[in-house]
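So the sequence lines, in the order shown, correspond to chains A and B. Residue numbers for the first sequence follow the working numbering, so the first one is 1 and each next one is one higher. Residue numbers for the second sequence follow the working numbering, so the first one is 1 and each next one is one higher.
Rather than coming from a laboratory, the hints here were simulated on the basis of the structure. For glycine and all other residues, C-beta sits at the position ideal for the given N, C-alpha and C.
When the alpha-carbon atoms are kept at most 25 Å apart in a straight line, the in silico DSS-like pairs for lysine-lysine are as follows:
1. A:Lys63 x A:Lys48
2. B:Lys103 x A:Lys97
3. B:Lys103 x A:Lys63
From the derived model, a few chain B residues whose C-beta atoms are all more than 12 Å from chain A:
4. Glu36
5. Pro153
6. Thr269
7. Ala294
8. Pro333
Pulled a few chain A residues facing chain B out of the computed Cβ check, cut under 8 Å:
9. Pro155
10. Val200
11. Ala204
12. Gly205
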Amino acid sequence: MFRAEPLIELRLWILASEAQDVALLLARFGAFSPAPAAPDALPDVPGKAYAEVWDEARTRCAKLVELCGAPTADATPLAADVAPTLDDLVALNAWLKTVWSACLACHEGQAVIEQERARLAELEATLAKLEHLNVDLDSLLRPDGLLAADIGSLPAGSVKRVGEALTMTGFVIARFAQSGDQVFAVVAGPRPRHGEARGVLAQAGWRELSVPAALRTHPGAARAWLEEERRRLEARAGATCSRLDALRGEFAPRLEAARRQLALAQPLAEAARVARGKGGLAALVGWVPERDVAALRARLDARFPGRYAFDARRPSAGEARGVPTLVRDPPWLAPFRPLVEGYGTPRYGEFDPLLPFSLLYLLLFGAMFGDVGHGGALVLLAILLMPRIGRLAWIGVAAGLVSMLFGLLYGSVFGYEDILAPVWVSPLADPFRLLGIATGLGVGFLLLTLVINVGNQLLAGQFARALFDANGVAGIAFYLAVLALLGGMAGVVGQTWAVPAAAAVALAIIVAYKSVSGEGSPGERVLVAAIELLESAIGLFSNTLSFMRVAAFSFNHVALTMAIFTLASGLSAAAHGITLVLGNSVIVVLEGGVVAIQALRLVYYEGFARFFNADGKPFTPLRLAETI
Amino acid sequence: MASAYLDTRVSLYAHRLWDDATLDHLVDVSEAELVETLALRGLPQLIGGFRAADGATPDARSLEQRIVAQLLEETRVLMRPLGDGQRGFLTYWTARFEVNNLKTLLRGKLIGERPAALLASLTPMGGFARVDETALAHAEDLAELLRRLEASPYAAIVREARHAFEQTHDPFHLDAALDRGYYEGLGRRAEALEREAGAGFVTLMDRLFARINLVWLLRYRFNYGLPPAQVYYLLIASRYGLSGARLRDLVGREGIDAVLAALPAFWRTRLAGAHGIAEVFARMEQLAAAQARALLAPGKAAAFVRAFAYLILRERDLRAVRGILRGRHLGLPARAIRQAIERAPVGSH
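Full structure from sequences and hints, please.
Laid out in structure tokens, this is it:
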């Protein structure tokens, strides 16, 4: 429960011709996580082409499904199927390319039609404006005049720059309308330099407005012409849609088969990225849980008798960073895993903080939000939300129950403190005592995290770091010595010269260790050591004091309920009831949310940061998806 | 506190910069000494730059990728203590590499390159990535790629590039519109920071934009033979560097010498006698580097400006190292390598 599952590195030597069948067997086995193999004796990557073609085919298939909707899934299980060969995959990819290109053309056609629709709408508005212009358009746009003119649109952001560039060709630009980010303008200048001006306009994304000749002299005819254009466009749109529908009908049955084929090819495509080979031989390297190795060997023996070789070894402590992490959580603890993974995955061999994290999280939440009524409401809310948020709701249920437990200790039911006698103490009855207990909790928690860190470092073979680092034994000694010093000053414990001496020695050890183990020039290392030490020392004590918020939030809870009672007290009976219901709802949702985040923050930043590397790689075995 | 940290960090990083003599020495040293020097300078990842993943074929692309990865990593460290505006500026500064990736994708789609080959030729952006390059590489054709890009953070500059391409069907216009759009975005972000960053930052941006615009102007006008009005439109519209009126005057001049003679006095004296565009670039780049070096000295500018100056200089250095490694790998004579590292243009098509 406190460590990841022990893993074994397997190196499988197989025939390259059977690679897809081996990959399929491993995927069906479901406990082989592939890893890169060293290019020692086998320099080639035989599955590179397979993986590339699979990638292309899968992407095309996914885009087709996105565009056309998923076809009805075939209920036949994949267990009996065999994985496609490279040739099968190439043929499938070619078919998907043909279908996707046809669909894309239709899709692009629809996008163009949409743009045309928008342009017709713009043109209608533009022509309406042109009707009111006192300009003879026919003369202006005549192709044989001395003056060359164009009407069109361009992005609003380009107008100034285009205007400046056009002045260099003797042209001017006059804007007369704007629609969205497009500015409609007339560009005019000497005909001999028209080509030059058009070069600038092309670069600026100018779009010519093709004003039909008839409209130039009879702007009133615009509406009839526009209607005709729209009818033509709708006919084109209809044809495009029909073509797309026909394509869907044509390829849908085979698309489902294609998805199944790709699902069967996925294990080899994934394994092929890291497999090595030469000639007819291939090697697959990966991690398998120690307890599953015998079962895997049995399956391989049954399927490929005498046609494979098998090396197995345990990873050394120095290899921990490259080994994936497989954790098997008991069902009652599993809902809390996403909260730990929000911070990171434990490194292989590292202490898995799930259990202490979960217990501490609930303890902090309950202490900050202790109320029988509010806790009960939280339990109900979590149960109601269970269909939507799944097993995460169990965190809400557990938090609500702990909140009810603390409610009993505090004697609080929806803020009423006269219904139940506190089993322990009401927060505001003895605030200094609660603050002291919260700080003590912080000291205990930080010491626990430091001890866990020492254990992690020792297991990883980092003995110097375990002993001399700021988060190691030296750090613990420094922390305890300073606590004793403060305790002596406060008169809690006796004062002796040994305490400051111990703190100074621990400090010197930490600085020396950091100066020796750091990177860079000597000056840089000393500077970094000094800054890091300062940061660590400040961090230890600020993190300890940070736990005072546990008590502060319990005061806050009482104060908030008192505020609601005060608000409700001067109101009529109905308004009083409404205020209490609304106020308590706000407390459950808003304060509950804030406390949930504060508890998470305390565990993450005051705890995890001290010992949890969280840079592990999750164990991701080859698996056989039903469909991609 | 954050400013003090950044100042310290930049000062420590500044020791990584290469002086001209060390770089020059790198051209002639033995292979073993080269490897040792790179390792000592904190660049061991560049030693195997020309070795591909399978260790067999030479791979110039992987060297470029390692250089960019180094720059991105240093930018990430320097950005940590910065506020939103300054952090946004440096993030956008790194987007140049992603814009180059977009250009690679667009060109690849024009010639129907396979997604896997395209992806292998892109520079990994890590945490700085703003687009899903895998999805873009799997676009079926240029039209699909452009539509996907129009739904990305690059929508504004891509839309204009697409319009230009639809009108001209010339891939040059795609590249030109993307570059121009990118730098205009950079200029706008810089303007927003002027007050807090100070005069040194403005000078830095002035030198940068003047160099880019002048080099583009000369190249478009005299190498590609584009008409003046079109060249003017293709230049960056920004408050920095040469003014719009000056650029309009310059694009109308016939010949490189005439353009250089019409520059403001500051640039005219410094570029007098330059032979060709490459030399103009090299001299302007050296001036910009000198300015960046001056700002990098402790206490000469705000911490953010020092960080930006450092990144400019670091990129210049790493590209010079790349030039040396590539030149040595190709067996070029030392003289040719020295000439090349003085004149390697950065971030332009």
